[in-house]
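> Protein chains in written order, with numbering that gives the first Met the number 0: chain Z, 0 to 233; chain Y, 0 to 406.
By construction, these hints were calculated from the structure, which means they are not laboratory data. For glycine and all other residues, C-beta sits at the position ideal for the given N, C-alpha and C. Any given hint could be a false lead.
Pair by pair, the computed Cβ-Cβ distance ranges are [to be verified]:
hint	chain 1	residue 1	chain 2	residue 2	range
1	Z	A199	Y	K396	58 to 66 angstroms
2	Y	V400	Z	T188	45 to 53 angstroms
3	Y	K396	Z	G27	20 to 28 angstroms
4	Y	V400	Z	G27	14 to 22 angstroms
5	Z	G84	Y	I277	49 to 57 angstroms
6	Y	E313	Z	R35	34 to 42 angstroms
7	Y	N288	Z	A89	55 to 63 angstroms
8	Y	V295	Z	D186	48 to 56 angstroms
A few chain Z positions that, by computed beta-carbon distances, are all more than 12 angstroms from chain Y [claimed, not checked]:
hint	residue
9	A97
10	P120
11	M147
12	S156
13	T218
Below, each chain spelled out in residue letters.
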Amino acid sequence: MTPALPAETREPSLAIDLSGIVKHYRMGEEDIPALRGVDLEVPVGTFLAVRGPSGSGKSTLLNICGLIDAADRGRYLLAGENVAGLDEEARTMIRRRAIGFVFQSYNLVPVMSVRDNIEYPLLLLGQSVDERRARVDEILGQVGLSGMADRRPDQLSGGQRQRVAIARALVKSPTLVIADEPTANLDTTTASQVIDLMRALGHRHNATFLIATHDDRMTAHCDAVHSITDGVLQ
Amino acid sequence: MNVQFAALRLAWRNILRNRRRSLVTILIATVGCLSILVASGFALYTYDMVRESSAGEFGHITVAGKDYFTRDEETPLQYGISDHRELTAALLKEASVKRILPRVSLSGLVSNGDKSVIFLGIGADVPGEAEVRGDILKLEAGSLTGKPGDPPAVLLGVDLAKSLNAKPGTGLTLLATTTSGGINAVDVMVAGIVSTGWREVDKRLVYTDVGTAQHLLVSDRVSTLSVYLDSTDATPAALERLAMADPAHAYQPWWVQAFFYHSVRGLYDRVFGLLGLIIGMLVFFSVVNTLAMAVVERTREIGTMRAMGAMPGEIVAQFLREGALIGAVGALLGTLLAAGIVLASPHTGLQMPPPPGRSVGYPLLVIATLPLYLITNTGIISLCAAAAWFASRKAAKKPIVEALAHV
Ligand SMILES: Nc1ncnc2c1ncn2[C@@H]1O[C@H](COP(=O)(O)OP(=O)(O)OP(=O)(O)O)[C@@H](O)[C@H]1O
Ligand SMILES: [Mg+2]
Numbered sequence: 000m001t002p003a004l005p006a007e008t009r010e011p012s013l014a015i016d017l018s019g020i021v022k023h024y025r026m027g028e029e030d031i032p033a034l035r036g037v038d039l040e041v042p043v044g045t046f047l048a049v050r051g052p053s054g055s056g057k058s059t060l061l062n063i064c065g066l067i068d069a070a071d072r073g074r075y076l077l078a079g080e081n082v083a084g085l086d087e088e089a090r091t092m093i094r095r096r097a098i099g100f101v102f103q104s105y106n107l108v109p110v111m112s113v114r115d116n117i118e119y120p121l122l123l124l125g126q127s128v129d130e131r132r133a134r135v136d137e138i139l140g141q142v143g144l145s146g147m148a149d150r151r152p153d154q155l156s157g158g159q160r161q162r163v164a165i166a167r168a169l170v171k172s173p174t175l176v177i178a179d180e181p182t183a184n185l186d187t188t189t190a191s192q193v194i195d196l197m198r199a200l201g202h203r204h205n206a207t208f209l210i211a212t213h214d215d216r217m218t219a220h221c222d223a224v225h226s227i228t229d230g231v232l233q
Numbered sequence: 000m001n002v003q004f005a006a007l008r009l010a011w012r013n014i015l016r017n018r019r020r021s022l023v024t025i026l027i028a029t030v031g032c033l034s035i036l037v038a039s040g041f042a043l044y045t046y047d048m049v050r051e052s053s054a055g056e057f058g059h060i061t062v063a064g065k066d067y068f069t070r071d072e073e074t075p076l077q078y079g080i081s082d083h084r085e086l087t088a089a090l091l092k093e094a095s096v097k098r099i100l101p102r103v104s105l106s107g108l109v110s111n112g113d114k115s116v117i118f119l120g121i122g123a124d125v126p127g128e129a130e131v132r133g134d135i136l137k138l139e140a141g142s143l144t145g146k147p148g149d150p151p152a153v154l155l156g157v158d159l160a161k162s163l164n165a166k167p168g169t170g171l172t173l174l175a176t177t178t179s180g181g182i183n184a185v186d187v188m189v190a191g192i193v194s195t196g197w198r199e200v201d202k203r204l205v206y207t208d209v210g211t212a213q214h215l216l217v218s219d220r221v222s223t224l225s226v227y228l229d230s231t232d233a234t235p236a237a238l239e240r241l242a243m244a245d246p247a248h249a250y251q252p253w254w255v256q257a258f259f260y261h262s263v264r265g266l267y268d269r270v271f272g273l274l275g276l277i278i279g280m281l282v283f284f285s286v287v288n289t290l291a292m293a294v295v296e297r298t299r300e301i302g303t304m305r306a307m308g309a310m311p312g313e314i315v316a317q318f319l320r321e322g323a324l325i326g327a328v329g330a331l332l333g334t335l336l337a338a339g340i341v342l343a344s345p346h347t348g349l350q351m352p353p354p355p356g357r358s359v360g361y362p363l364l365v366i367a368t369l370p371l372y373l374i375t376n377t378g379i380i381s382l383c384a385a386a387a388w389f390a391s392r393k394a395a396k397k398p399i400v401e402a403l404a405h406v
């Protein structure tokens, strides 16, 4: 597929463009097919849920989209850029710049304050002190944690921790945010609040969200829902 | 906030995560640093002391006739210095020269009338010798010089005095072969009894003045001039200048004769080198152990940071800072304790046992030098940083999905 316009001027309309993604795991003699030819097109700014039973391949798909794992076969364009064959260093640089992560168990660094946790991706980008401070203050306000910048993660509730993680994922204005079961550790009320917050902020930052869940109640809050069974996306 | 400072603060917080484990590691670094500093401080003191006593014994530079150091004399004073007064005056013009002591070597028999014993003698400026040799020439009885009107005075080594049954005031006869091959004798009187700490020397030692020695040998020569400088460190430069200016004589620095200095240094370098190696390994593996545990505990955190775009090198750098910080705190504490020991060591009154062949020990002192402290501190810190690299390099490259799944 040749782009219709030169790369510099073309504003890609698809954040994710996958075709023919295949991934197998090998466990000794056993060969486990996790993804059997996945095609997926996600327009920029979509808040997309992938749902499916346990073992269907949701995490595998998200890991590949988040460039923390590589497919065995298939094509992957991230915001129009071919990222399928890149080496680990190049993938790291893309993750640093363009991909945020929200994890099921928050994965905040316990010895860092809320502010330091959110600031970390900006430190990796080499931003100046002033720039970092302004960005962190802004996003703290957006997730409603302005007064908690100096707390440690263990001084927060689960919902608050996940909001810190959302702030950390969005602070660098990434193209893509990967959220693998972000609400699985939260009660239903908090979970819908967190999902709503993610969606609102995703739209505000024009970030594409890819969320894995097997909780059908959450999918009601999403722009689009795809189902996956046995490594095949419907 | 400054990025470097923030990184160090983070490293410190990570160290405090498991206080007990980190404290033990820091203490191991402290004890390692302390023992290296104290052991090396003691070795350096010993080197200094043996160096000064060697230089005191021989003089920083020994001047002699051309062939004195390379050939054996067939007759007494064959390669001696005949114009020693002029030469002394010339040498004293060199700025770093503090004092010059003439020496006449002689040997022969010393007799109390009933018994004759072989002696090895030195005709010298006796009070001057006592001054430069300090502890090495200790007056055990009597005085250094005789009374006016008495026969020429001699000092005897303690064991020689015992064998001749001599005390201060005893009259003796020295017999020696003269420069022309005849036999000559001089009646002398014991002024004092001395000990050098070397039993072999004290069995044969006779000190007398230059005039008496020359009179006995029937010569106006001296064997050597011992040149004493302001400081031992000035020796190489002074040696070069003096030898260059006076090709007629032979010049030899103290270290050529200082066998004891060389053997002490050789032994201590090996002993303390091995000790340092063992301590280094101990510190290294203890830091590796501590940080390896921390790395395992923080596997998911490493995966998270890698997912957010941290390079493996940046993960390792974080652990390097933690290792270096453990090393720095340990080295600082070790340095403070070592400094305390350095300051306290002159007041302990502890003595080392006498080295082989000697009969007196020496005080146990520990000194400090800037290079020693700089090298040791840098060494400990680098060792701990290297241990951190060793402990974290694999985990930093672990597949991210695997690291994130770690519980
Ligand atoms: N590291 C691995 N080694 C071997 N097999 C694996 C590995 N990771 C996943 N699989 C297998 O790949 C398939 C897809 O797994 P994946 O984790 O993507 O499922 P999932 O939809 O995320 O499940 P869950 O809802 O339980 O998280 C499963 O059969 C799983 O057993
Ligand atoms: Mg999963």
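> Going through the earlier hints one by one, which of them does the structure break, listed in rising order?
The structure conflicts with hints 1, 2, 7, 8, 9 and 10, although it agrees with all the remaining ones.
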